[in-house]
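Peer 1: The residues making up each chain are set out below.
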Amino acid sequence: MASVPLKPFLDRSGNRIHLGKKLGSGGEGDVYEILPAHSNVVAKIYHKPLDVQKQEKLLLMARGCNDELKSISAWPTDVLHAREGGPVVGFLMPKISDYEPVHKVYGPSHRKEHFPHADWRFLVRTAKNLAAAFFVIHKFGYVIGDVNEGNILVNNEACVRLIDCDSFQVRAGDRLYYCEVGVAQFTPPEILSSKHFKMERTANHDNFGLSILSFQLLFFGRHPYSGVYSGKEDMPLEKSIAEFRFAYGKNSAFKSIAPPPNSVGLSVVPAQVAALFEHAFAEAGARPNGRPGAGEWWDALESLESKMRRCSADSVHSYYSGLASCPWCRLEESSGLLLFLSADRITKIDLPREWQKVEATARPGPIPLISPSNFLHRAAPLPPGIGHAIDLRNFRHFVGISIIVILAVLVLFGMITEDLAIPFLIVIVIVAVLFLYPGAAAAEKRRRRGNLESARYLWDLWNKKWIAEAGDAAFLAQLNLLRDLRGKYEKIDRDYRASLLALERSIKDRQQKKFLERCSIDSCTVPRVTGGLKNILKSVGIGTAADITRGKLLGIPQLDNTLTNELLAWREKMEKNFLFDPTQGIDRADVQALIHKYQPMLKPVERDLVQGILKLQRIQGDILKKRITLRPAVEKRARELAQAEVDYEVFSRTPEELISREIEGILFPRKNTR
Amino acid sequence: MDDNTNDMLPDQQPLGAVTFAENPEPRCPCLLLLDTSGSMAGQPITELNAGIREFYSELQNDSLAIKRVEVALMSFGPVRLISEFNTADCFFDPQLVAEGDTPMGEAIRKGIDLIKTRKEQYRANGISFYRPWIFLITDGAPTDEWQSAAAMVREGESAKSFAFFTIGVHKADMKILKQISVRDPVKLQGLKFREFFQWLSNSMKSASRSNPGDRIQLAPPLGWSEI
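Protein chains in written order, with numbering that gives the first Met the number 0: chain A, 0 to 673; chain B, 0 to 226.
The following block holds chain A by itself, in its conformation from the complex:
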């Protein structure tokens, strides 16, 4: 079966049709070129003999063929027989080349690869052309039946062609030739549950598929029934369709389904278009003729086309002009997606200007230091009686220490013997009482220590906050981040320019070579290069200035050194005459290939930079504001801590300090407690 059939086939009128090479192969049959080649007709030959029904259907389609059908589809133009009077074994159809399946247009990743120039206007036009194609099919009473992402093709001018037409549903009088296939994603809810497609399909069924495809084209490949389902169980697409769970509809909450993250809703299209979608995907659509037809779609999309605006920030963003701002900018900002590729530039920001904003953002500088030691305080006066109590306590301690010292001296000099054990014990008890007796000052001391602890705690808290929020660490970190981003940006930009330059240079070389190739050796006016010599040069393949190289000349015995140099000089002179014409020769496609290579790399860096600069400005503003608003509170805590420290200090003396103070107190009686 795979080998090229040698025998010619016969069309309806008995013309011999010679097949050329095989162009493609499918489940049902193979597609061949027709000889002589370059004809715009191809042939499909089935693998297996066809039943009578299918043969009749093809014959009917071929008879019904007209220019309108041919212009939008691979419509059977004639049937093919293997022998005269034999069964139909294949058919002829218009050749469709340079088209891609529609899923490569609506899916953003494939679109950017295969249709890099397509903007939203292109997608709207594709949807409109799709509606036009459906309109023609329905106008002549046919039904597509198996609407799917693979049998609708689109070219780079947004023109649409339908293929696999032999599966369409055909009606002839009261006879109906079914379309027996279908794909669930495009099959309307009302017939989704049937086990097979041996049934009458209607234009209203097709219109469901048309609405799905239009939605996918306008909404970046999202299927209208695919969303975030809030139920626990799995929600396969098929089931979601059967249950009319249109994720973007006004009843979506009622259907427990929400649009997916990073998607746009019906608000990006005019109310007229949104209403068509609501109509097509709701229960009412399942009624006979319940869905908007191809004509209605065409009208609505035509009207949308006339209401488009180009985004001022990014020329590749076309959007519905009824919107206040560009929805694609917003989606790109919030999602990090690159929806469309720019056709002319790789970047939409001006780096030096953006960087000026960074430079213009004054550094907050190091944090002003706030410290409790900056605040000197006098201890709070002691409550009456407490001062005296402290003196008393200090006196007790002094006496206690003195007793210990005396005892130590006595022990040292061996003046204590064992029979003094009991008085010794008594002395120890007295000393213990002297030290441990709490006295009236203890409560005050506890209170002041409590104050100190809470003042210290609060200070730590506020000081940390001060450093974190009024310090410049966050600013510097963000600045470093921006510097890194700028480095990244510059590298990508450099690489792009280098590639562009290399491209230009190669084109310049090519142009120059062409120019030199036109400088015939006959036009050489160097006196010593005579006609005879020119003939010799030509005989060894040196016909133009382009052929002159030192290597080539060295091999020619008739040339001496001076002649060689003179010829090389002539070539150089010719080279100087060459003028590079940048408008000629640089292939737009080559440049755009470069743009499309570098743009996706640059885009995220660009976005991070722009957002990062805004963040830097925000951080700077915050810091300066915090330095003003936080300062009083932090200073208050510093002051409170300083106060608590001196307050407590009164009680916290080391024994040495204590002794020296006591001695001082004895020597210079009562200067008042500090």
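Be careful, since some hints might not be right.
Below, computed lysine-lysine pairings styled on PhoX-like, alpha-carbon distance capped at 20 angstroms [to be verified]: (1) B:Lys159 to A:Lys231; (2) B:Lys118 to A:Lys231; (3) A:Lys238 to B:Lys159.
These are calculated hints, taken from the structure and not from any lab test. Please read all numbers here as calculations on a predicted model, not as lab measurements.
With chain A's structure known, arrange chain B on it following the hints.
Peer 2: Showing chain B alone in chain A's frame:
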């Protein structure tokens, strides 16, 4: 340039969400649980690697399958997640090496977890999906506790959470495989891994064109299995 600088910017969307927006096609996940125990050393592991490479290139050549089929690779002996669920354009050569024993139970449990996580990501991102397929390929018997894994397989199959298939190579213990999988295990003919993966890619291609419902349509396992 260090890559982690970007992590410092908050408000970044996780990569996954962008990928789903760039390619919102319904997903057809397929998990391969691959035995890389010592007994697979030599010809078997070489053939397995070649088969996987072919599998990916078949998927890459199909413009719909490349957007819909997601493959994850997990090897056991020891259990390693070699590749997360990814479409075939993100293919990377697994270069499996045979070593260790056969912790099949652990691999199955982790694999089922992986499927669960991926399904949650699909749901959160509003991506429709087909019932996941799990293919377990082994040439031996589990060296760890596998009964709990078998229970998880039964549970998942009855809840239609996934379809679990087992492929036995050489001296694989077909009896235990039969106890693990609800579906009958299939014995690989010799080392026809390539034929198996050719068949699998064809099945995935047609599955990715069918309906993301619960039907499973596998072609008969011809050309690579012992019947």
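Peer 1: Are the hints correct? Go through all of them and say.
Peer 2: Taking the hints in turn, this is what the structure says about them:
The suggested pairing of lysine 159 of chain B with lysine 231 of chain A holds, with an alpha-carbon distance near 14 angstroms, which does not exceed 20 angstroms. For the proposed pair lysine 118 of chain B and lysine 231 of chain A, the alpha carbon gap of about 12 angstroms is at most 20 angstroms, so the pair holds. For a cut-off of 20 angstroms, the pair hint linking lysine 238 of chain A to lysine 159 of chain B stands: about 14 angstroms separates their Cα positions.
The structure is consistent with each of the numbered hints, conforming to all of them.
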